[in-house]
Amino acid sequence: MENLTIEAFKGIGYIKPLKFYEYSIVPKCEIDNIHKILGQARYKMHSYNNFKAVFVKNHKLYALEKLSIPKMDNMEINFNKSTELGIENNLDIYKEVVIYYINNSLRQVRNKFGYKKYITKYTDEIICNTIIDRDLSEKYQTQNGIYFKRKFKINPEVLKNGEVILYISCSSDFSTQKTIFDFINEKKDIIGLTVKNKWSNIKGTGEIVEISDRRVGEVSPELGVNLIEYYKNMNQAYRVNQFTEEDKNANVIKVKTGKKIYEFIPHSLEPIITREYLKKYDPNFSIKIEPLLKMEMSYRYVTLKSFINDIGSIKELNDIKFIASYFDDVSKLGYSKGIIEEPILLSANGIIKNKINVFSKGFYKISKQKVNFGVIYPEGEEIETQKTIRAIFDFLKEGKYHKEENKYIKKNLLYLNFDKKECIYEEYKAGDIIDYKKAALRLKEYSSLSFIIAIIPNIEDDENENPYNPFKRVWAELGIPSQMVSLKTAERFVNSTSKTELYYLHNIALGILGKIGGVPWGISNMPGDIDCFIGLDVGTREKGIHNPACSVVFDKYGELINYYKPTIPQSGEIIQTEILQEIFDKILLSYEEKYGRYPKNIMIHRDGFSREDLDWYKNYFDKKSIDFTIVEIKKNIPLKIAEIKNGEVKNPKAGSYILKEDKAYLITTDIRENLGSPRPLKIEKIYGKAEMMTILKQIYFLANVHVGSTKALRLPITVGYADKICKAIDFIPSGVLDNRLFFL
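Counting along the sequence shown from 1, when you hit position 389 you're at 389 in full-length UniProt numbering, and nothing is skipped either side.
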């Protein structure tokens, strides 16, 4: 079997204990949060001393050299002593020390053009100004004032004996040399822009909410001095010493970060450039750098090795350096590894070896009632609409493609009613949101209507507002699911005679199936003694307001039982106990309705962190004699898995996993080398008796039974569908159980 590994590099040598300078904090008033005070003191010492390293341990500050002490209104900082800290009991501090000295080492590196290669701010994120191109040469990537750079995130692990393992990931970074001051001078609208403070080492962004009438050189009521004097008092006069009268007369910018609003000099603010921004404002540059953005594992390896070589030997840490190659086997890092086999899937007529076979074998579960559907289309697009509906009718009812019978398409895949007397065809005018809502509401006059196919303008058309959102929202309120088909897709059915449109018909058919309560395939060999799987997620509507996305409940065959979106919003990401009660009451009742009893053993998949009260779960399920397991599934993680085959680094196969105790990383999708590299899921068991290998197999199987496509989801459908509900929260009926997947 091929070896699996991760982006980790072994250190040669050992760190020796270092001398630190210890400082204590004396608050001048009563405090509620000592950690907040320590954070303020640390940053003040850090910024006042040209961003030299400051660490926190046991309510004290530590530095690698004796620092100047700034004055603070709410506390005093006092120097205590110099002391040597042992490594074994101070691993967290030594981790930060390694980060600091890696930054310090990279500050000295010059690129082949003789300029600074890296932007270092003594954090775990380091920016490389140049890119290693596909021809392995070092180049700047810039156009029209926008720079594409490489971002590295370092995560050293210091062992008790002083050894160091360096975990690294890399990603893309876009920036501009222009500041908000430049944007203002160019008469650009800056309200609502996301920005970062480039004069600070603290990570974080904010949104511009106001251009103040007050000038930079005028006194701030909150600070008691103007912003220029503020920087001088912070030992950062070099930032403002060269200010001209024009600079001093610039307007103060107000930025909202979290719940607070802060004031900034516009020269200190840098707009955040995203890939979406780039696609919109410089599409040519976006296309040019596409091959450098999609990094397969072999290209990542070359990039990370270059970074490791640039770190070199760190003299302050006993000349430790890192080997510029991955561990050849992840077992050397304490992980077991393997590849999970594909699930055995069921159709209406037995096992299928490939999901495409379901269209010839028949769907696993379909509604026995005929579905009356309506069609709504833009004025002037009648021919495209008729051709599209004919193609869908031929495929789903007649087993035909391009008007010819096809042995790979089963007749009567769905019981859709195409009788013109009972089906509705309505056209609408392209216009604004109100026009679209009126058009959508007209369909409620037809009481027999149970499904809608809507032909809509292409998303990228700017001439009129797109009806997608108003249509979905209105029909969700009416409890009618819908399938959107873009004009671009509809036009393909007018003249084309190729096989390409079959792919579109597959997806349209699966979308309709899921939205009327059908299931294309079931799992024949689900491991473990689990009666049902539940997905939980919390979606953010706006800052501070969240919607618990609900129960998404599947049986052991991967068949959807029900999903539920509670009506009660909440103020945080922890699902409140009264909402948990509402969710699980509905789950148990819906399971009992189908199987005549409560489930005996359930698996709960939580998207992200499970911070809910574990005692509540225990109390709730113990009363009903139900065993349960809680598993966290995290999708946004920096770690990547690589396959090593014959000495070459490659993308890992779907089903690849690494496992250590109750934590694992799992690859659920295949990514071709030219499209980048797959992102693993982090799986962690929080509570329960289920074995980790069983949990991993279940998650992989559930990722392979997505209703809406023949392709696997990256997430298992439990949290995958809960996540989709979060993102489509306004398009789904509230407070009702349903097995119609409005969100597909």
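Everything labelled a hint here was simulated from the structure, so no lab data went into it.
Treat the hints loosely; a few may be bogus.
In silico DSS-like links for lysine-lysine, alpha-carbon gap of 30 Å or less [to be verified]:
1. Lys368 <-> Lys321
2. Lys260 <-> Lys232
3. Lys160 <-> Lys663
It should be emphasised that the depicted structure is a prediction, and the values quoted were computed from it without experimental measurement.
For each hint, the structure was consulted:
1. Lys368 <-> Lys321: Violated, at roughly 68 Å.
2. Lys260 <-> Lys232: This hinted pair holds, its Cα atoms lying about 24 Å apart.
3. Lys160 <-> Lys663: 22 Å, holds
Violated hint for the displayed structure: number 1, the only one.
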